[in-house]
Amino acid sequence: MSNTQASNGAHARIYVVVFVALLALTIVTVSLSYLHLSVFPSVLLALIVASIKGYLVSNYFMHLISERRLIYAILVLTGIFFLSLIFLPLSHFHDRVG
Amino acid sequence: MQIPYTVAERPDTGVFNAKLGIWLFLASEVMLFGALFSSYILLRTGALAWPHGYTILNVPLATLNTVVLITSSITMVMSWVALRNRDFGKYRKYIGGTVLLGFVFLIIKAIEYGAKFEHHLYPSENTFLAIYFTLTGLHGLHVIGGMIVNAYFWGPGSKMWVTDPERFTNRIEVAGLYWHFVDLVWIFLFPVLYLL
Amino acid sequence: MAHVAAVAHTGNHHEHPLGFLQKYIFSQDHKVIGLQYLLTSLCFLFFGFSLMMMMRWQLAYPGQPIPFIGGLLGEANAPGGIMLPEFYNQLGAMHGTIMVFLGVVPLAVGAFGNYVVPLQIGAPDMAFPKLNMMSYWVYFLGGVTMLASFLMPGGAANSGWTSYAPLSVIATMGQTVWLFGMVFLITSSLLGSINFIVTIVQLRARGLTFMRLPFFVWSQLVTSFLLLLAFPPLEAAGVMQLMDRLAGTSFFMPSGLVVAGEVMPYSGGGSPLLWQHLFWFLAHPEVYVLILPALGIVAEIVANNTRKPLWGYNSLVYAAIFLGFMSFIVWAHHMFLTGMGTVISTFFQTTTMIISIPSVIILTALFISLWGASMRFNTQMLFALAFLPMFGIGGLTGLPLGLAPTDIHLHDTYYVIGHFHYVVAPGTIFALFAGVYHWYPKVTGRMMNEFWGKFHFWGSLVCMNGIFMPMFVQGLAGVSRRLYDGGQQYAHAQGVFHLNEWMSISAWMLALFQIPFIINFFLSSRKGRKVESDNPWEATTLEWATPTPPPHGNFTVVPEVHRGPYEYSVPGHLRDYTPQHQPEKA
Amino acid sequence: MQQLLHYLGLPLDASSHGPQVDQMLAVVHWLMLVLFVGWGAFFGYTLIRFRKSRNPRADYAGVKSHVSSYLEIGVAVFEAILLVGFAVPLWAERVNEFPSEGDATVVRVVAEQFAWNIHYPGADGKFGRTDIKLISAENPLGLDREDHDAKDDVFTVNQLNLPVGKPAILRLSSKDVIHSFGIPLLRVKQDVIPGEVIPVWFTPTLTSVQLADATARTYTISMKDTSNALLSALVSREEYRAKDGVVIVSKDQPISPDVIPFLLQNGITEIVAVSPSPMEIACAQLCGLGHYRMRGYVTIQTEEEYRAWLAQEASYLQE
Ligand code: HEA
Ligand code: HEA
Ligand code: CUA
Ligand SMILES: [Cu+2]
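Chains as they are written, first to last, in the working numbering: chain A, 1 to 98; chain E, 99 to 294; chain B, 295 to 880; chain L, 881 to 1199.
Keep in mind that the hints are not guaranteed to be accurate.
Said to hold, decoys possible - Rough simulated footprint, nothing fancy, chain E against chain B, three-plus residues with beta-carbon under 8 Å:
id	segment
1	329-335
2	409-422
3	520-527
4	536-542
5	557-570
6	678-684
As the list claims (entries may be wrong) - The calculated lysine-lysine pairs, modelled on DSS-like cross-linking and capped at a C-alpha distance of 25 Å, are:
id	chain 1	residue 1	chain 2	residue 2
7	E	257	B	748
8	L	1006	L	1046
9	L	932	B	748
10	L	1031	L	1013
11	B	821	B	317
Quick caveat, the hints were computed from the structure, so don't treat them as lab data.
Every residue gets a Cβ at the ideal spot worked out from N, C-alpha and C, and that includes glycine.
Based on the sequences and whatever the hints tell you, model everything.
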């Protein structure tokens, strides 16, 4: 149990706020899709909204915000490899002979 | 000698064993889904034509499922809060609710799949449906895995509350981390597959 | 080895005695699990070698019936004892798979890692004993699945250990079984690697800071990270290939495929290169999984038998970490010839050249460690010393492969086969042999026979070079790998084809030289000379501070560490070794 | 070093970029040799000098100098030079600097299990339309003969003819699985990936006849060679007559095992022989059970011979 012994009631309130925010963002992302924007802006917007939601879940529900350096280090390392897994094959497909 | 730091945090690392373990596991899960997302991007950029998800898939049902999963996330975290407040009864309600919401998610998913099959939309139809079924199928398996764990902690596993409450609370925290991660994956799957 | 484990359980922890099943089969003791891994993986290693011995017959004497066992292989595989090309391809794919995933990795990580790491860090066990047991049994299941694939209609997987699509997607049933086997093996590795990292990070004894860890522990830590983060993409790729095979999807199938005149019923739109990227994203880090634990074992043995500290311990550690990190971003050097433009090929050539630097640093540090030594040439030291130049040859021949223009000529020739066998066979396998001889007395309380050990060493050294050195010649001549007849028909192979016979004879001789090892290995556990102390090699690391063999729970007193791992021949000290747990004033 | 590599098996090369590849191979192998011999000497010395009987007490500190760091930096610098000076420009030339199609012989190569289909555009220089539905045993390319551009197209199986001294552009594709198009004597290799068309280019510098001259070797024969598979796969470069003037083996004829006794009887113990097709396409990527026999032949001709050959192939179309 890593976080300090703050009052749990306060935590519960934060969780409810996050929950409401997640619901709101779900509505946002669905309504955005009804605008039928062209590919680039729609991808960008969808990813921004999803990232905010991801941030909320990981930081509050998974209380990453109060987590230790060790956990962050592992996640940063994973993030680097995740990005190289996505972008290196992609750049190969864009830089091909012929 | 006993294995140390199963309950308490190791002072210099600041975590107990299982917490480090689950975060490592989640790191590997990031790479698993990362590879599938990478495949999605490559297939899509290489495709001559790519359908918009909403033209084939059922967005309202998926939105409902998003809400279900988010709700199950909050019940999960509340069950942990309940344990920290030493309120076992409330814990049982919340964790039970989480399992039930998992069921609801799967049922809705099954309805979606069924509708696809009825229209003869199988994974072999095109690469979009292939990646759709693979990603959501794998995610569904993760949901089932989480439900089994949570159901265990709702039922027989909860005996530990009596013998070792500290450790049991840690276990629920760890199970929660996994459950939230499954939610997190869905948060990205939903727009990527259904809305773009 | 039964009585070994029996002694291991005289520890004081379990008041109620465990049943046979819990003690030996479903044990949660890291030492028993380590031994289970050891025996299983040695058997697989031998099995993988046996497959290769059959192949080497076909390469040396194409089209001639295999003596002795030819008739046993079945009409579908070898009518009249003459191997069919289909069967040759099965043997090749399974040799690669078994050696890498069922032989070397489980031996290096599952066996040595499991047995030695908790001891070296002063821990009572692994962090998650149940998980540890599960990872062994899932590995076992994966192994059985792989073996069972030989019984499928059409035989085992036959598309190479690389399983390139579309070939693998249109292949026989064996490929499906291979994929399921791989999913088991990946799962086992994931469980194991999580366990190792948590154990090393969390369970270190008091005073055992990271920079006091034995290099072997470091190598296992880095290895675990490689397994943890590189395997999942292959798991994803495996699932996609299963989908392609079973559900008819087209992840790896482009449009418009025509096989044997028939238009294929795939919707198309997939990419064969996607498989290659995901496969090599694992398989390149995997090769460092094969080498890092070996380097760790060699470092331990070199320090112990030179009786001096490892030179440049810090640089060794940083080099290993850097090596691990870089190994994630060099993978496409296996794909130079898939049609890469200048930018992307430059990127991968550069990272490949960069990754060779930490290897040079590690090897240099080990060489320099020899200077000023007082060397004991026992069997494990001979194997460890021979590892250095053998790995050197293997590593150096990686350089022309890592530069795209020279790879044009060498890609997929026997030069590649020579390159990596030098690193894995006289490299890693020698290091693993060294490890067996080194830790044997701790595990069994008895010594292995030195004479037969040295016999095993010299024979293996000569034969290994006899097999793999001519491969460079064949590769330079341009002979492709995976040729059923060894290139007999090709004009450019005419000058080098005759080498095949020598290589094959060396391989069978190599097998003969393993017999004394196998006998020595089993016999010594009963008949070997008993060790006089818990620390027969006068070593400094913690595993030698336990009773012999270590009981359940490992240590009788909670160990505390006071110094770095290799304090040998400290000036002013009476003895030429100062164990890590020895208090400052004693 | 290049000589040493040739001695070790590296074949002669017959393309204009081949010498650069070989030179780079030589440079890399120099680096490898220096490192190996240097460290090997050090290693050997320590084994003798620092064995226990000679040096009973080890030296705690060991080497104190930092020469090794300079050495490591040296290796890194050398690798950087290899990369910037050789590898990158050479690769760029291979994949970016294609000659213009007007100055080159352009050929399509379509790989399949287990053959190389070679497609020539014919006199109009245009490749005709192909369609996978038309693929059959007689029409492995699925060429649509109705198409105007296809009328004069020529195809061969496992036989690639090219004119010497002129750049060739090969467009590689595959019908089924991944193959790899390799011609060791030209220092060319390129994976052939289904679903993609990947071009390679090179300029042959030797005709097959010249190549045969250059690769012919003298073989000493004995009675044992009557069962020598290698020898029977070769053709003689010269004419060998018996004492009475009867021809035993004529030029460019295979050396069948049964003539060996006659040669020996007539006091001929050495013959000059060569492979009948010294330049071959070798499939380098595992492509199934017939991978080992997926072999093609390359004939490099003078411009005139090449034209004549094409014309002859085209003439079969009329029939
Ligand atoms: C343990 C396994 C292992 C290790 C450590 C390595 C190490 C390296 N490998 Fe290798 N490799 C494989 C296993 C391994 N490889 C396998 C299995 C394949 C084939 C897979 C397949 O296709 O089936 C392969 C294939 C392979 C290829 C693809 C070839 C092709 O298909 O065309 C390439 C290309 O870049 C490459 C490069 C390298 C490089 C640059 C290193 C570097 O890390 C090496 C660095 C080391 C050194 C530079 C040595 C330092 C030496 C000294 C300092 C002096 C020594 C002197 C004395 C000892 C006297 N390897
Ligand atoms: C770790 C990896 C590893 C190891 C150790 C080996 C070891 C050996 N390999 Fe292999 N090999 C591969 C990985 C490995 N190989 C791979 C990945 C391929 C490519 C496959 C493909 O094309 O897809 C390949 C391909 C390959 C080929 C090329 C085939 C072809 O292209 O057609 C050849 C040819 O000779 C070969 C030979 C050998 C030989 C003679 C050994 C010998 O060194 C074996 C030595 C073995 C031992 C010495 C066993 C010792 C064990 C014991 C003594 C057991 C004791 C038991 C008890 C005590 C119970 N291997
Ligand atoms: Cu075609 Cu191998
Ligand atoms: Cu590699």
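Results of checking the hints against the structure:
1. Given as covered by chain E, the segment 329-335 of chain B fails the check, having 0 residues with a CB less than 8 Å from a CB of that chain where 3 are the minimum.
2. Coverage of the segment 409-422 of chain B by chain E holds [criterion: at least 3 residues with CB-CB distance below 8 Å; count 5].
3. For the segment 520-527 of chain B, the assignment as covered by chain E holds, since 6 residues bring a beta-carbon within under 8 Å of that chain's beta-carbons and 3 suffice.
4. For the segment 536-542 of chain B, the assignment as covered by chain E holds, since 3 residues bring a beta-carbon within under 8 Å of that chain's beta-carbons and 3 suffice.
5. Under the rule that three or more residues need a Cβ within less than 8 Å of chain E, the assignment of the segment 557-570 of chain B holds, with 6 such residues.
6. Counting residues of the segment 678-684 of chain B whose beta-carbon sits less than 8 Å from any beta-carbon of chain E gives 0, not enough to reach three: the coverage restraint is violated.
7. Proposed proximity of residue 257 of chain E and residue 748 of chain B is contradicted: the alpha carbons are some 57 Å apart, above 25 Å.
8. Restraint check: the Cα-Cα separation between residue 1006 of chain L and residue 1046 of chain L comes to about 19 Å, which is no more than 25 Å; the hinted pair holds.
9. A distance of roughly 18 Å separates the Cα atoms of residue 932 of chain L and residue 748 of chain B; the hinted pair therefore holds under the 25 Å criterion.
10. The straight-line distance between the Cα atoms of residue 1031 of chain L and residue 1013 of chain L is roughly 18 Å, inside the 25 Å bound, and the hint therefore holds.
11. Annotation: proposed proximity of residue 821 of chain B to residue 317 of chain B holds, straight-line Cα distance about 24 Å (limit 25 Å).
Hints 1, 6 and 7, counting from the list given before, are not met by this structure.
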